[in-house]
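Quick mapping for you: the protein sequence lines, in order, are chains R and V. Under the numbering used here, the letters of the first sequence match residues 1 to 184, in that order. Under the numbering used here, the letters of the second sequence match residues 1 to 169, in that order.
For the record, the hints were derived by calculation from the structure and aren't laboratory data. Hints may contain errors.
Quick list of in silico lysine-lysine cross-link-like pairs, DSBU-like style, CA-CA up to 30 Å [unchecked claim]:
| id | chain 1 | residue 1 | chain 2 | residue 2 |
| --- | --- | --- | --- | --- |
| 1 | V | K142 | V | K106 |
| 2 | V | K55 | R | K131 |
| 3 | R | K48 | V | K110 |
| 4 | R | K135 | R | K125 |
| 5 | R | K135 | V | K128 |
| 6 | V | K158 | R | K83 |
| 7 | V | K106 | R | K102 |
| 8 | V | K142 | V | K110 |
| 9 | R | K102 | V | K55 |
| 10 | V | K50 | V | K106 |
| 11 | R | K85 | V | K110 |
| 12 | R | K48 | V | K128 |
| 13 | R | K135 | V | K155 |
| 14 | V | K50 | V | K142 |
| 15 | V | K55 | R | K111 |
| 16 | V | K12 | R | K48 |
| 17 | R | K131 | V | K108 |
| 18 | R | K116 | V | K50 |
| 19 | V | K121 | R | K48 |
| 20 | V | K50 | R | K48 |
| 21 | R | K66 | R | K125 |
Listed below are the residues making up each chain.
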Amino acid sequence: MPLKIQKIADSELNMTPMIDIVFQLILFFLFNLKFKSMDYRIESALPKDRGVEASPQMVEPIPSIKVLLFRLDAASETTARTKIKIGSVHEVILPPYRWTGKRVDDIVIEKERDAKFAELAAVIKRIRADKPEFKGEIDTPPPSGFHVPHADVIRILDAFLEAGITEVNFVGAPSPMPRSQPAR
Amino acid sequence: MPVKIPPMDESKLNMTPMIDIVFNLVTFFMLTLDMSRKELAALDLPRANKGIEDKDPQTQMAKGEDRSEHTRFVINLLANGNIMLKGEEYPLSTATPQEQHASLEKLKAKLRELTRDPRLKEKDGSSKVMVLVRGDRTTKWKYVQWVMQICAEQKIYKIHFGVEGPPKE
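With the hints as extra help, turn the sequences into a complete structure.
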């Protein structure tokens, strides 16, 4: 007898259980996937003898490459800019940067700063070549020093690290903390 | 002429596009919901090239290692001038000196509470606790100085500065 090949009826694929399986798969990956951290950190250690009464003079001045940061026109929103002095040998006045908050524009600003701070790191490296035992010192002298943006101070710390100096001290008396009663 | 209303067939719901929508929804939630990083406030960290990759110390603990060696708290200095610790914000740069004093006192008290446990202290009395200072780029240095001072008062000497790494080319 000739074999009858049955026609396989086209059955419709029932999609409902497929969604449940997709749910399960995605939940599985959701709980296992950890996103790579975009954050980095610079580790530092505060000196243990630092207390409430931080004295401007250390017990013995440590021979260091001193970098001082000032803020010119600190009160102005448009023209405030940071002045950076490396000892008495080099001085840079950064243009008044204003971060926009938009990543695309800020990357351009940061690239420009990369160049400037690389220049500063090179100067520090040059000084260090002559005096390899020198440590680093970052000073933000009052009154304008307290208004220097965090980003600039961190960049200087970074410049020291790029020049190979890992022992960097923040010197100078910190800005006085506010009192509960205004000083009469 | 009477209007003829054509009889409506029962149409089967096509599930295929429904799966695509589900995919999209889940992808959206995967990218936006991140419970573990609530302590890390949204701000623009300063750029540095020599930072090391920041992994949460709790995740770096090997089995059996002491939790006290890997405890870290995060202090955020936001762009709006507030300071944030453990999800609570304290006004700083926009506040009057009295309010600033109050904020700093609350911060000191909270840090004292968090580091009170004797297991978190070294033999010389200093704290084993690390503090990650995440300051916005525009934060004035004096506020960072105050944070460092408050930490030093609580004998917290291990300070990490949160930075943004170089852009991945």
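message: Hint by hint, where does the structure go against what was stated? Just the numbers, ascending.
response: 2, 7, 10, 11, 16 and 17
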